[in-house]
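Sequences listed follow chains S and X, in order.
By our numbering, the letter at position 913 of the first sequence is numbered 913, and the numbering carries on one by one without gaps.
By our numbering, the letter at position 147 of the second sequence is numbered 147, and the numbering carries on one by one without gaps.
You may find that some hints are simply not true.
[As the list claims (entries may be wrong)] Okay, derived cross-link-like pairs now, DSBU-like style, lysine-lysine, Cα gap no bigger than 30 Å in a straight line:
#1 K272/S x K709/S
#2 K767/S x K242/S
#3 K335/X x K316/X
#4 K173/X x K316/X
#5 K709/S x K240/S
#6 K335/X x K46/S
#7 K173/X x K46/S
#8 K335/X x K167/S
#9 K179/X x K316/X
FYI, nobody ran anything at the bench for these hints, they're computed from the structure.
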Amino acid sequence: MAEAIQTITVTIDGQEIQTTPGTMLIQAASDAGIYIPFLCYHPGMKPYGACRMCVVQVEGGRGTPAACTLPVADGMVVDTKWEAAKNIRDTTLDLLLSEHPNGCLTCHRVELCGPQDICLRNVDVTDRCVTCPKNERCELKDTTRYHTRGLTSPLTFVGRNLQVETKDPFYDRDYNLCIVCARCVRACDELRGDDALAMTERAGQVLVGTMFGDSLLESGCEFCGACIDVCPVGALTETKYKWETAARTEQTICTECPVGCTLTYEVNRWDKAIRAIPELNAPVNLGQACFQGKFGFDYVNDKRRITQPLVKRGGQFVEASWDDAIRAAADGLAPHAGDGFALLASPRLTNEEMYVAQKFSRVAMRSNNVDVVSDNHPGIASGLLEVFGYAAGTMSFDDLRGAAVSMVVSANITEEQNIAAVAIKQAVRAGTQRLIVIDSREVELTRYANLWLRPFPGTDAVLLAGLLRAVIQSDLGNEGFVEGRSVGWDEMMASLEPFTPEAVAGETGVTVEDIERAAYLFATGGPAAVLFALDGATPGTELNATRAIANLAVVTGNVGASNTGVMPLYQGANQQGAYDMGVAPGAMPGHEPVGDPETMARFASLWDSPIPAAGGAGAADTFRAARDGNMKAMMLLGDHVHYDDGTFGDVAEALAALDFLVVTDGFMSDVAAQADVVFPARQSIEKTGTITNLERRVQPLRQVLTPTKGDVRTDFDILCSIARAIGAPGFAYETPNQALDEIQRIVPEYAGVSYRRLLGEGVVTPKPANDNPLPTQVRYSDVVYPGLQWPCAAGAEGTPTLYQAAFREGRAQLGLLAWTERPPNPSEFPLTLAHGRILAQQDREAAIAEENGANRITRDELLVIHSVDATELEIEDGDAIVAVTDTGKRHFGVAEISDTVFPGMIALTTLFGALASEIQASTSPDPMNHLPRLTAKRVRVEKLGATDA
Amino acid sequence: MTEVFERLLAAATGRWAELNALPWVRVSTGMMGAAAGARDTLDALRDHIARSGIQATVSEVGTSGLCYAEPLVDIVVPGGPRVLYANVGPETVPEIVERHILNGEPVVPLALASVDADVPGLPRREQLPMMQHQVRIALRNAGEIEPADLYQYIARGGFAGLDKALGEMDPQKVIQEIKDSGLRGRGGAAFPTGLKWSFLSGNPSPVKYILCNCEEGDPGAFNDKTILDADPFTLIEGCIIAGFAAGASNGIVFIRHGNDSPIDRTRAALSACYANGILGRRVMGTDFAFDIEVSLVGESYVAGEETALMEAVEGKRAMPRFRPPFPAAYGVWGKPSNINNIKTISYVPEIIRRGAGWFAGIGTEKSNGTAIACLSGDIRYPGLVEVPFGLTMRQIVEELGGGDPAGKAVKFLQTGGPLGGLLPASELDMILDFDAMAAAGAMFGSGGLIVCNETRSVVDLVRNLIAFDQMESCGKCFPCRLGTSHMLEVLDRICAGAAHEGDLALMARIGENMRAGSLCGHGQLGYNPVDSALRSFGDEFTAQIAGSGVLLIEPFIGPRVTLRGAQADGETPTASVKNDFVLQLTPVSVGAGKARPADG
């Protein structure tokens with residue numbers, strides 16, 4: 001039984017408040033709505049005690065303790081307004097203003113003042129508050145106002161006269177405005193584990209800066225923006241829209257990845273989103289964001305947005321009215337109803353849109369060829385479905401934070417599901433979690449790993465089965481759990497027969513000892529969690545790998561209890577929701593299998609329409625069928641990186657072979673250019689709906705923007721209009737809300753998920769006021785919507801951890817494992833490239849070139865090659881070589897011959913900074929949607945002659 | 001007696017007899033000796049002895065405290081008297097070797113004193129002015145033994161205290177003994193050591209640290225370094241006893257990098273202890289396990305602050321932590337820790353060996369034992385003295401230190417390090433006593449005593465001290481980071497004859513804010529130099545501000561680090577400027593040519 005939380009009473013300025021022991025006084029006061037001035041303290045971080053603005057007097061205590069570092073005690077009587085404490089604050093503030101441009105800070109009429117006004121105080125234009133990018137959300141300004149400082153100070157003002165650092169991607173650093181509260185340094189260290197920022201110099205010269213280098217690209221910055229979010233002054237600001245001021249703010253969910261962070265967007269008076277600020281009180285991200293969420297939203301503002309429907313007439317697009325375009329689409333699609341039609345959805349769509357999309361395909365087009373385009377590893381969903389009952393992660397991020405062991409399998413998680421990685425990094429650095437990484441690449445998390453297994457690319461499935469066998473053979477499993485909660489032991493054991501330690505070691509290249517070590521750590525280290533993306537898994541092995549992981553969780557009892565579980569790391573933002581809604585060729589809404597007569601009959605009656613009985617084709621099969629001439633019409637909802645990175649082969653060829661193609665998108669993308677009808681679609685920031693993240697948390701999207709140009713509609717509207725034009729029944733929704741009502745009725749897991757609840761159960765947070773200045777990150781949030789984790793019955797609480805009482809079918813069905821050898825590389829691409837990426841490399845110098853006022857990494861990367869291959873290719877250490885992939889991409893580098901890789905494998909580890917500057921320089925309207933994935937590639941290696949270099 | 005110690009003692013006795021069977025030459029090559037050129041002297045000595053073909057032992061030892069006499073050479077020939085030679089350069093080496101070592105005749109004209117025997121024409125060592133009143137406990141082996149030679153240390157009574165503690169006492173009894181001895185911390189705060197240890201011993205954590213603080217960044221203080229330089233074993237023995245008493249598992253000796261001689265000698269001594277079973281899993285063959293390591297830090301005065309020290313040990317920037325939690329609960333790596341000054345710990349072996357009563361009998365009623373003072377400035381005999389509490393400052397300065405070399409009057413003492421204060425000559429009769437000094441508002445601190453004669457300017461000295469405090473502020477908390485900078489700027493103005501009206505009040509406001517608002521002692525004490533100078537020499541400030549002052553100060557001779565963008569000479573402050581900081585005193589004499597740095 002949990003211990004009862006003790007409550008103590010503290011009196012602050014005569015007001016009695018209840019709080020818990022161990023709380024710092026400033027937090028207790030803030031919770032009670034009492035403001036104690038502060039500058040270095042931040043509610044999301046540990047206390048620091050530097051600014052001394054929060055000094056108070058404690059009755060019977062000595063001196064003037066700082067409230068941020070003073071733990072409350074029962075019966076404590078505190079005076080925050082005591083004269084001596086006030087004097088300290090005033091003097092400290094005066095001192096502070098002696099090195100921060102202060103003309104406007106101490107002026108009473110600044111609100112009436114414009115940037116070009118002639119100032120009688122002789123305040124230089126560049127020193128004015130109105131010309132500071134943080135003017136309207138500056139904590140120093142608010143705090144100074146609160147203290148009403150006078151116009152004159154006996155202290156000499158000494159400006160720093162430093163050059164503003166503007167050459168790095170995404171954000172500027174103006175250390176002339178810095179007050180050295182070290183919040184940025186602490187955020188980088190304490191919250192993100194990156195240590196890219198540090199304090200420099202000392203005493204009067206003390207400042208903050210980058211660690212080891214002067215460019216963020218090489219210092220280990222992951223461009224998460226955490227430092228900007230906590231900066232109380234204008235020292236750190238987002239470069240883009242730096243000088244724009246917010247007219248209003250709105251909170252919604254980020255759709256760059258499936259973590260589902262709550263972000264507050266600032267919107268300027270021309271209805272452009274200008275800044276994204278992660279929500280401190282959101283249960284998912286706890287005030288953190290990543291480079292994608294923080295800087296990747298700008299595509300919605302792009303001028304190249306399509307604003308009118310386009311219909312291709314005689315090979316040319318012509319603008320059409322919505323009615324005409326809908327009619328054209330309906331007329332073009334209707335004849336192809338049946339298996340010749342496929343619908344592929346972008347993972348950025350809402351649950352309601354996903355639901356309507358699959359209903360459109362199944363009811364209006366009679367086709368089960370419906371899939372979400374980001375799902376290039378369909379084996380993950382089917383594996384989880386088979387063993388546990390739901391194709392979904394079993395745990396929540398809180399479980400991940402609390403796990404004692406975590407295992408991350410082939411996932412570039414710090415880039416692709418960044419906030420999940422933050423949870424791991426924080427726990428590993430705090431010493432509460434041990435980490436096993438299974439990855440053939442060197443990625444950021446391998447640096448945090450207690451154990452890094454580096455299998456040959458594409459052999460994860462074999463290694464995981466070997467790991468499972470090692471756990472069982474060393475008798476490290478949880479027998480009670482297996483016996484009581486699973487079936488299929490004997491069959492699974494029989495299928496494990498070929499996975500002898502030697503065979504596994506031979507196939508994967510990982511030593512038997514390492515496998516045993518990992519087995520021991522995972523099985524005995526305490527509550528354990530597995531996260532897996534299976535990047536680079538060869539097609540067909542994902543199912544085996546997923547079964548092995550699910551089996552491992554069952555065998556060790558690491559599922560269905562808090563701080564344990566299995567989490568698939570999808571790439572698409574709403575891939576989980578897509579599956580829940582039935583956007584899958586083999587699953588109906590609610591994870592019901594397609595083809596089961598009873599299920600199909602139920603849906604036919606629910607939708608009042610016949611639906612196709614047999615399973616359809618997934619995304620990869622669809623494109624294959626199109627190239628083979630077996631697919632006649634397609635509808636693509638949104639653009640995705642997989643259309644151009646080779647995942648589905650030659651997409652252009654496939655689309656060219658179609659009779660009819662409808663695309664909805666924000667931009668004239670490569671696939672849209674091939675369409676017969678293109679509809680301008682709203683982006684997720686422009687619509688309402690719900691979205692489901694990796695931990696099955698259904699969160700409400702709120703409409704931040706309304707497209708100002710043209711007539712841009714939601715995919716929801718577009719799908720419903722076409723369906724109605726075709727004459728299909730059941731598409732008479734007026735709002736997505738009605739679709740959610742239908743989902744609630746049809747999908748029992750969503751039965752309790754309604755807009756009324758999602759928006760009604762918001763958590764109210766403190767509101768800033770003149771007498772309560774708050775940090776930027778807190779000032780916008782009067783309410784936070786935590787969402788609901790399915791399964792959620794009507795009126796019931798959500799389910800943070802799945803399968804606590806039972807699996808979906810009662811017991812887990814242990815999966816069968818099949819030995820799969822990795823297919824041999826074709827002779828023209830004999831090697832396999834494992835491309836990793838890390839934040840910083842202190843032992844190697846990064847060369848930085850300045851180009852058009854921007855820093856760019858120009859160093860020669862190391863291509864690590866095994867001595868056997870090097871000998872064969874006559875490559876020597878230090879030779880300039882190039883790895884050419886089967887998709888034609890060329891990776892130049894310097895050969896490093898090392899036996900840390902396996903024969904046949906080439907390892908390349910680039911700096912994240914290179915990607916960051918690429919994104920910054922990109923001309924693509926939505927570069928974050930086209931981020932290159934670090935999958936294993938088949939390559940050949942060529943030596944560069946003197947002439948090539 | 002433990003078996004290990006019995007064996008070591010036997011070996012040590014043998015070694016001591018061996019050493020005394022041959023001519024024994026001890027050269028003081030510690031930091032002070034080396035600075036005075038002892039390396040050359042040592043080379044010359046070895047060279048000559050080798051060439052003359054005599055059998056003699058040449059040892060390198062630490063300073064005996066008679067720094068004015070460095071390089072000091074100490075020669076004893078079997079059967080003859082032991083004689084100290086002062087200021088021995090390579091040029092006088094041949095004569096000394098030939099006459100004293102070869103022929104057994106002390107070279108009286110070159111000699112300073114004799115030890116333990118009368119030599120006609122020479123005073124006995126204890127008759128030297130600087131040696132009077134001295135009682136040597138922590139410095140008992142300084143200059144007497146080779147610092148890293150375990151046997152020599154044991155032969156002079158070393159490790160008997162540890163042996164006694166391990167063999168005859170239990171941890172509680174050791175703590176009680178230390179409590180009874182009245183030993184108080186020598187780092188400045190004078191906290192009772194036994195009580196401090198008992199906080200740590202009550203903590204059940206299996207990993208606990210005893211930290212020995214030798215950061216000692218104060219200009220004018222060199223006693224901690226000297227102990228490690230001259231006799232690291234006494235610190236090691238004390239640290240092990242402290243570890244035993246407090247149930248700690250690890251000791252860390254924290255030294256500023258660059259003090260090579262103390263660092264090397266401490267490391268050598270630690271290896272010797274490990275090799276002989278004094279440290280490690282079974283200390284002296286008992287079940288008590290204890291490890292000691294040396295941890296280095298870059299130049300940072302504030303790294304000597306206990307919480308900043310812990311950050312530095314962890315490899316972070318040396319910035320103080322807030323308290324609570326206190327180190328006894330949450331110290332290095334979050335483990336319970338106890339921080340002691342080197343001197344404090346160095347008293348421990350003798351207290352255990354000779355008993356609490358013996359120690360309590362030395363000194364005054366509440367300040368037991370001895371104080372180690374570092375004399376520098378305008379003084380005839382700069383160096384290191386260990387005197388019992390109860391002596392007056394005047395005795396130390398005028399009798400031991402010999403007063404001003406030119407016979408000028410003493411104007412004031414700068415005590416307690418750069419955060420300490422000024423003690424005007426009128427208060428020289430104050431006795432050395434923690435409580436008496438605290439009551440008078442003076443600090444003994446880490447033991448640096450800088451003597452200034454009547455020609456020295458208080459204003460300039462204060463400016464120098466504040467420049468030091470400003471440069472050494474870690475920059476974490478706002479009152480100290482900004483306060484020291486502004487205070488220095490005001491002092492710069494005053495020194496340059498360009499003071500503003502109300503500058504003294506402004507300094508007071510900044511200073512009081514630092515005192516009340518700063519996070520650690522550096523800021524809290526940062527106003528002390530100004531405050532105490534204003535109390536005793538306020539007139540000098542007013543005169544200087546009014547322009548009728550005794551001087552317009554010469555352009556500053558020390559490297560100058562002021563607010564960013566306000567460099568006196570247009571240079572940006574660089575690392576080298578910071579590293580070279582030495583306390584400089586400017587003589588008061590209008591138009592006098594180049595100012596010269598004071599001694600010490």
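key: Earlier hints that do not hold, by number   = 4, 7, 8, 9
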